[in-house]
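Engineer: First to last, the sequence lines map onto chains A and B. Per this note's numbering, the very first residue in the first sequence carries number 1; after that it's consecutive. Per this note's numbering, the very first residue in the second sequence carries number 1001; after that it's consecutive.
Treat the hints with caution; some may be incorrect.
[To be verified] Partial list, computed: chain B residues near chain A (C-beta under 10 Å):
no.: 1; residue: Gly-1009
no.: 2; residue: Ala-1176
no.: 3; residue: Glu-1178
[Unchecked claim] Restraint-style ranges between C-beta atoms, simulated for each label pair:
no.: 4; chain 1: B; residue 1: Arg-1100; chain 2: A; residue 2: Ser-135; range: 26 to 32 Å
no.: 5; chain 1: B; residue 1: Thr-1104; chain 2: A; residue 2: Lys-25; range: 38 to 44 Å
no.: 6; chain 1: A; residue 1: Ala-30; chain 2: B; residue 2: Gly-1044; range: 20 to 26 Å
no.: 7; chain 1: B; residue 1: His-1026; chain 2: A; residue 2: Asp-59; range: 35 to 41 Å
Keep in mind that the hints were calculated from the coordinates and are not lab data. From the three backbone atoms N, C-alpha and C, an ideal C-beta is built for every residue, glycine too.
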Amino acid sequence: MSEHAQDPDPMALRTEALEALLSEKGLVDAEAIDAVIARYEEDIGPMNGARVVARAWTDADFKRRLLEDATSAIAELDMGGAQTEHLVVLENGPRIHNVVVCTLCSCYPWAVLGLPPSWYKDPAYRSRVVREPRSVLREMGLELPADSEIRVWDSSAEVRYMVLPERPAGTEGLAENELSLIVTRDSMIGVAKAASETPKP
Amino acid sequence: MNGIHDMGGRHGFGRIVREDDEPTFHTAWEGRVRTIASLLLVKGCFNIDSFRHAIERLEPSAYLTHGYYGRWLGGLETLVRELGEKLAVGRVAGGVQAEREASTLPRFAGGDAVRTRNLQPSGHTRLPAYARDKRGEIGHCYGAWVFPDSNAHDRGEDPQHLYSVRFEGRELWGEAAEPGTCVQLDLFESYLEPA
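Hey, can you work out the whole structure from these sequences and the hints?
Structural biologist: Structure representation (structure tokens):
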């Protein structure tokens, strides 16, 4: 029995056609696209956000500046990027829990957190977290005290939000660079606490 | 528009599904779509608001089933088709930075009680359906920003003051609201009136 050739992915075909059309108009070129993809895959991620959190945990003055004007504060750490976003950092505490969403599309502070995960951009999270945040967080593994206030920040304009999670107990002995290794992306969205276990690779 | 994209508060989408060690791009075409969109935006071929609105205008079943970058691809195809011969570098002035100098004083201040207007535009808006005709409290004014409802349709930037507004859970969701929850939205001045 002969092997059937795999049906080409229609999305791939449509993308090829679009790229060819734009290339013909001189608006894109393949090498530039390849270089940008490599940047997305290799250089961009939540490590910048983790550094910001670790600095805020260990430097009270930086934390104050961060909560007052995050865009300027992260520029102190050479962060901000070509498309400088207006960033606001939200501090989580034992009584107040902040969590971020974009119900209308997928707005996300990608200059500090990298590209968002699919779940953040998909209908289930976008539809439910504004209406039932406590249940959503529980489903995602985070149980909050019944008397804690939950604030859901729907990123409906160009302001971008990042959560400053609580510093875990038992981390007093860790240096700033060690602390940055335990800050998870999900804790900076607000759907998890910062882990206090061994650093993630 | 009251489109399929306006998902806040909807029922029926099921559980949140997370992929372990999710790659940046699942396929080569995803990366190319993302990059093509970024390049065209940076070059000013169209603005971010028009791009978002093109995605909002996808056929609803395509929006729900083609995946995130499938939506971007559909949006790009729509814009390229609609612009036709007009698709060019720098067609759009202003670039991607959306903060602008304010030409008026803000109408509202922190602590003000406001009500969102019952706006039901068929075009682009950043006032979600779940937050229309609802009472909220002004938290903070972020200064003036390009107004997406106008910019998406090439009707000019029309910069307006932008406010962080707090809505109690009960105000939005009635008795179904979980206790001790609220939603903060960033809303333009023309979406609001004094409560």
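Engineer: Enumerate the violated hints, using their earlier numbering and listing them in ascending order.
Structural biologist: 4
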